[in-house]
Amino acid sequence: MTSKTTIPVHLDINGRHHTLELEPRVTLLDALRDRLGLTGTKKGCDHGQCGACTVHVDGERVLACLTLAAQAEGRTITTIEGLAREGELHPVQAAFLEQDAFQCGYCTPGQIMSAVACIREGHAGSDEEIREYMAGNLCRCGAYPHIVAAVRQAALEVAS
Amino acid sequence: MTVHNIRVGESKRGDASDGGVDAVGGRLSRVDGPAKITGAAKYAVEQQLEGLAYAVLVESTIASGKVIAIDSKAAEAAPGVLKVLTPDTIISLRTASDWFGTPPPDKPYCPLARDITFSGQHVAAVVAETFEQAVAAAAMVKVSYEETPAIVDLSDGKAGDGIPVDAMTKEWGDAAAAFASAPVRICAAYNTPREYQAPMEPHGLIARWEGDHLTVWEPSQWLDGMARTYAEWFGLPFENVRLVSPYIGGGFGSKALALGHGAIAASAAKMLGWPVRLVMTRPQTFTGYGGRAATRQTVTIGAEHDGKIQSIVHRGVNETSIEGMWVEPLGSVTSIMYATPNFSSKQNVVRVNSVVPGAMRAPGENPSAFGIESAIDELAYEVGIDPLEIRLRNYAEQDPHAKKAWSTRQLREAFAVGADRFGWARRTPEPRSMRDGNQLIGWGVAAGTYPVRRAYGEAIVRILADGSVEVESSSIDMGQGTYTILAQTAAETVGVSADDVVVKLGDSHFPRAGVAGGSRLAGVMTGAVYKAATSALDQLIGLAISDPRSPFNALQANTLVVANGRIGSPRGEGPDVSIAELLKSVGRDRIEATGDTMPAIRAPRIATRTTPPSPWRCRTPRATIPATPGARISSRCASTRISARCGFRAWCRRWIRAVSTIRSWPKASGRAASSWASARRCSKKASWTAATAASSTPTSPITSSRPMPIFPTSR
Chain A
48 MTSKTTIPVH
58 LDINGRHHTL
68 ELEPRVTLLD
78 ALRDRLGLTG
88 TKKGCDHGQC
98 GACTVHVDGE
108 RVLACLTLAA
118 QAEGRTITTI
128 EGLAREGELH
138 PVQAAFLEQD
148 AFQCGYCTPG
158 QIMSAVACIR
168 EGHAGSDEEI
178 REYMAGNLCR
188 CGAYPHIVAA
198 VRQAALEVAS
Chain B
665 MTVHNIRVGE
675 SKRGDASDGG
685 VDAVGGRLSR
695 VDGPAKITGA
705 AKYAVEQQLE
715 GLAYAVLVES
725 TIASGKVIAI
735 DSKAAEAAPG
745 VLKVLTPDTI
755 ISLRTASDWF
765 GTPPPDKPYC
775 PLARDITFSG
785 QHVAAVVAET
795 FEQAVAAAAM
805 VKVSYEETPA
815 IVDLSDGKAG
825 DGIPVDAMTK
835 EWGDAAAAFA
845 SAPVRICAAY
855 NTPREYQAPM
865 EPHGLIARWE
875 GDHLTVWEPS
885 QWLDGMARTY
895 AEWFGLPFEN
905 VRLVSPYIGG
915 GFGSKALALG
925 HGAIAASAAK
935 MLGWPVRLVM
945 TRPQTFTGYG
955 GRAATRQTVT
965 IGAEHDGKIQ
975 SIVHRGVNET
985 SIEGMWVEPL
995 GSVTSIMYAT
1005 PNFSSKQNVV
1015 RVNSVVPGAM
1025 RAPGENPSAF
1035 GIESAIDELA
1045 YEVGIDPLEI
1055 RLRNYAEQDP
1065 HAKKAWSTRQ
1075 LREAFAVGAD
1085 RFGWARRTPE
1095 PRSMRDGNQL
1105 IGWGVAAGTY
1115 PVRRAYGEAI
1125 VRILADGSVE
1135 VESSSIDMGQ
1145 GTYTILAQTA
1155 AETVGVSADD
1165 VVVKLGDSHF
1175 PRAGVAGGSR
1185 LAGVMTGAVY
1195 KAATSALDQL
1205 IGLAISDPRS
1215 PFNALQANTL
1225 VVANGRIGSP
1235 RGEGPDVSIA
1245 ELLKSVGRDR
1255 IEATGDTMPA
1265 IRAPRIATRT
1275 TPPSPWRCRT
1285 PRATIPATPG
1295 ARISSRCAST
1305 RISARCGFRA
1315 WCRRWIRAVS
1325 TIRSWPKASG
1335 RAASSWASAR
1345 RCSKKASWTA
1355 ATAASSTPTS
1365 PITSSRPMPI
1375 FPTSR
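Heads up: the sequence lines are chains A and B, in that order.
114 is the number that the working numbering gives to position 67 of the first sequence; each next residue is one higher, with no gaps.
1330 is the number that the working numbering gives to position 666 of the second sequence; each next residue is one higher, with no gaps.
Honestly, the hints are just simulated from the structure, not real lab data.
Zero decoy hints are in this set.
Partner residues are not named here, just some residues of chain B that face chain A (Cβ under 7 Å, in silico):
1. Lys-700
2. Gln-712
3. Met-1142
Over 12 Å on every C-beta distance to chain A, these chain B residues come out as not near it, computed from the model:
4. Tyr-773
5. Gly-784
6. Glu-811
7. Gly-824
8. Asn-855
9. Pro-901
10. Glu-987
11. Arg-1090
12. Leu-1219
13. Gly-1232
Because the structure is a prediction, the values reported are computed rather than measured.
A virtual CB, placed ideally from N, CA and C, is assigned to each residue, including glycine.
Produce the complete structure using the sequences and hints provided.
Here's what the structure looks like:
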């Protein structure tokens, strides 16, 4: 299924090592979704505008649609599928559930990945700050008040 | 398998202190929640199929004219390309029936255009082994056009006055004469721009053929309707098409119909013999299907000095496409909100070079309410009467046109509660009189209405050998909570915990449901599940009472009760056994019942699927102006802050009245935000609809109460 223009790309995703034969133009997002079946990371706009594809690369949030897979080689990638540890939900995931912080759920993985980083960055100190630092993640269903509440709740739990 | 199949686990239970979380109305956490927060929820186009090919659309770069040539040589020679589809090479399809199921004209349908009537029209498609190859090759397709002048939009000088839509005309009394003689007269124009559904999940599908059977994984608000369209395009029996839509990443009206890109992908899959995936790009979601049409309205009101309305003359125009017809019913709210002895509403549609507009969140009611509610505010200002008071003075005690009593209308009560909670009495009417530092504060009030729509739905409820309950229906959940409310309905009706209910939706081979749109699905499907569950429960109790092997046989009871998954007599005497134990004792591995919300005489058998029976067609009335008082009424108050220096607006506070549970808030909030966004984008007057001037500071949030919670927010 690939042409001769492919290169081997080694990706470390959620603690597992993958080697893919990819064209250099393949984005991290398409590699995750189409090559590895890790479809938890969503493609909303493919233009870096909606945040649905947010993943962590070396602990920092990045837009997988604007990142080539090859750029992530040798770095640690975490997706929504790798957030829960040993079946235990991450506090942000649990807070999203408890606060009913979503409807259709399509933006949710990106919101959660962004929220985890937002808290880690120390940008969840107030509702205002949460709104500002979560502004790159759109929710068309309009669940924003609950998303802010979930991030606030999770930030308190992480801090305690 | 792709079908949603989740059992409610302990981790996602709501707060049991609410009491009755399993029951309808209880605060059960969404049952699809865990799948969505862990990334496990596989949406339609995320199915991983062997040998999948990828299709990418080529679109027109002109708005009007003809395609005179398509040079696809370079694309065909590009690496990985399997096929280039053009109007000349795509297989011929048949025209499908419309939304209402009207039999189609007997003519071929080609989803790739030779005649261009809007920019972004599908003219070709490239299918390749990888997505990247298809994208690259699509850019190599060279399309030559013969361009003709286009009508850009409603404001285009070439657009004209349009075509009268007689079905939209509604008149009583002599509105023109009453207006001419009225002592107070206002006339205002309200324009709304094109608005787009823009769901987070783009439109797209995977189509796979197995012989003459087609499976389509596609986000859908109406599995039956879309399966019917695919069947008609390809000349297949209805049951040969299976539409699978386990989760939907938002639709807002745009995912109820099979669209041209679906025909292209399914054709490509058939031509190649490979499963084909086609997903629209984000830009294509603005041109590949229609959003809400741009509209223009004029509202003239003649009134007495005391604000009593004597006449409303309303004229509306909406855009439609060159070839398609879309009527955005602009008089739908105008005609029923206020008492007036004289009324006239008429509407035209104007053809412009655009994709045919489509359904988006309250088609008609949204711009209609915007027009009349804004005009009422203009009148209030003109006569110097409080905008809330003027709404009460013109309160429609009955349907103003049909002259029939409302079944219920509690707008007055809603206004009273809202005004009290909001502190409306503290509002001052003079412009710029309410301030907080540098910010000007405006408070506004508005009412709305939405028709009560009905549809039919069908569900199967099974009580399984282990005592669990299974629900199946082809209805869908795009976040409005169908999985959860159907679990609650079955749990409450049968008498088990919602933990023990599995709800399966999103497969057109399940019992059939109507469209998830127009706020009708919850009513339809909880009814169908309730009936099916009641029937299954009756069978269960019947077996327990009458089967000689049942432990209750000796009790000679008239009835038994089921609660918490256990069966016993109402008085607590005799045995107490679990559902599983009872089924084992009577030698049954399941009990199954079907329930529907069809009219009794027309209920079709599930087995006869060859052609979709007419009752399954979407029952939305063609004109949404109700002949009888079938409408819901809403009210809202809003506060806005405007910077005294730069005019920047921020939404401070709003008050919405809603009826429902934990899940209603995000939806109500989303809708209110939509209205707000509309108001912000529209004309200058529009902005002031939600922002009639006045002053105070926001008060603290109000605690919600059940069963009619009031949801406030401060921002």
